[in-house]
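Trainee: Sequence:
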Amino acid sequence: MHTVWKGAISFGLVHVPVKMFSATEDKDISMRYIHKECGSPLSYVRKCPVCDKEVEWEEIGKGYEYEKGKFVMFDKEELEQVSGQADKNIVILDFVDLQEIDPIYFQKTYYLSPDQTGSNAYKLLMNAMKDTGKIGIAQISIRSKSSLAAIRVLDECLAVETMFYPDEIRPIAQVPNLPGQEEVKEKELTMAKMLIEQLSTPFDAAKYTDQYRERLLDLIQHKVAGEEVRIAPTQPQTNVVDLMAALQASIEAVQPVVTDPGSAAKKRPARKPAAPTAQQAVAGENISPTPVKKKRSTAKRKET
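Numbered by this note's numbering, the letters in the sequence shown go through residues 3 to 306 in order.
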């Protein structure tokens, strides 16, 4: 792994030298812009419109436009000093419970490993956080970008999750067309809950794949092989008008199918009352097992 950042974690007077590595990788398939007329890839140049010439990286600085056409300039050292990137320190401000943080705050994950002679302090912090169930909230600057960060234990490794600041989260009030205070129909809500229960399962990240990337790679391979590929258009989905019918169809689609009713009946130890159907659950019917008729004794039959 490539080292992204080197510095230290500090909590109280404890100093933990660490190296940072990117925990995720972008697997998007990148494509070049091509000139259709000749098939050549297009290139982009950094050109000054006033000097009318290409500008090299060493001639480029950073500036802030405070008025139209007026800039204040900054050099690299000034920006590093302002961002706090120069001291290379991750200062833990507080320890909190992970479940108190909404996922909207999280940006990107990095792994941390001990640097130089920091193994003992690294292990101490990791074990203390595991035993207390807490995570650290810190401030960090990576590549001139200041962020909040959550430091947590991931397996036997410390991980850093960079976070947005609260003023970077847009308020929900700005979202248009949110539903008002209209009441949800009780029958539809009951069926929706039933569907959620039937689709609920323990989370397993391995079962989810990037199907778009897989299809695109397959298409690339066919085109490289010189094959003409035509993809059938997908059928446009019509707007669902009858929610009840859609919910009922969804519940029936995810119900388990018994392939051999005979063998299933043999394995069943005792007959149980049938589970209510979706319609019965919605209607609120009381479903009770069919009563079993008792055999009259022989003595009773003689009296009659």
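The set of hints was computed from the structure by calculation and includes no laboratory data. Accuracy of the hints is not assured; some may be wrong.
No more than 27 angstroms apart at the CA atoms, straight line, and that leaves these computed lysine-lysine pairs for DSSO-like [stated by the list, open to error]:
1. Lys64 to Lys136
2. Lys125 to Lys21
3. Lys49 to Lys72
4. Lys110 to Lys147
5. Lys38 to Lys21
6. Lys49 to Lys64
7. Lys55 to Lys8
8. Lys187 to Lys8
9. Lys8 to Lys110
10. Lys90 to Lys78
11. Lys125 to Lys90
12. Lys136 to Lys90
13. Lys90 to Lys49
14. Lys21 to Lys8
15. Lys70 to Lys55
Trainee: Quickly compare the C-alpha distance for Lys90 and Lys49 to 27 angstroms and report which way the hint goes.
Mentor: violated (34 angstroms)
Trainee: Is the Cα-Cα distance between Lys38 and Lys21 27 angstroms or less?
Mentor: Roughly 46 angstroms between the alpha carbons, so the hint for Lys38 and Lys21 is violated.
Trainee: Assess, step by step, whether the Cα of Lys8 is no farther than 27 angstroms from the Cα of Lys110, and give holds or violated.
Mentor: holds (17 angstroms)
Trainee: Take the C-alpha atoms of Lys21 and Lys8, compute the straight-line distance between them, and say whether it is at most 27 angstroms.
Mentor: Holds: Lys21 and Lys8 sit about 5 angstroms apart, inside 27 angstroms.
Trainee: Hint check: Lys64 vs Lys136, CA-CA at most 27 angstroms. Holds or violated?
Mentor: violated (40 angstroms)
Trainee: Is it true that the CA of Lys70 sits at most 27 angstroms from the CA of Lys55?
Mentor: The given pair, whose Cα atoms are some 23 angstroms apart, holds under the 27 angstroms limit.
Trainee: Sort out whether Lys90 lies within 27 angstroms of Lys136, counting only the CA atoms.
Mentor: It holds: about 23 angstroms lies between the C-alpha atoms, which stays within 27 angstroms.
Trainee: Checking one constraint from the list: CA of Lys110 to CA of Lys147, max 27 angstroms. Satisfied?
Mentor: holds (13 angstroms)
Trainee: Quickly compare the C-alpha distance for Lys49 and Lys72 to 27 angstroms and report which way the hint goes.
Mentor: holds (19 angstroms)
Trainee: Can the restraint linking Lys55 and Lys8 be considered satisfied, given a maximum Cα separation of 27 angstroms?
Mentor: The given pair, whose Cα atoms are some 38 angstroms apart, is violated under the 27 angstroms limit.
Trainee: Given the proposed pairing of Lys90 with Lys78, does the C-alpha separation stay at or below 27 angstroms?
Mentor: Distance ~15 angstroms between Lys90 and Lys78 Cα, so the pair holds.
Trainee: Quickly compare the C-alpha distance for Lys187 and Lys8 to 27 angstroms and report which way the hint goes.
Mentor: violated (56 angstroms)
Of the numbered hints stated above, those contradicted by the structure are hints 1, 5, 7, 8 and 13, listed in ascending order.
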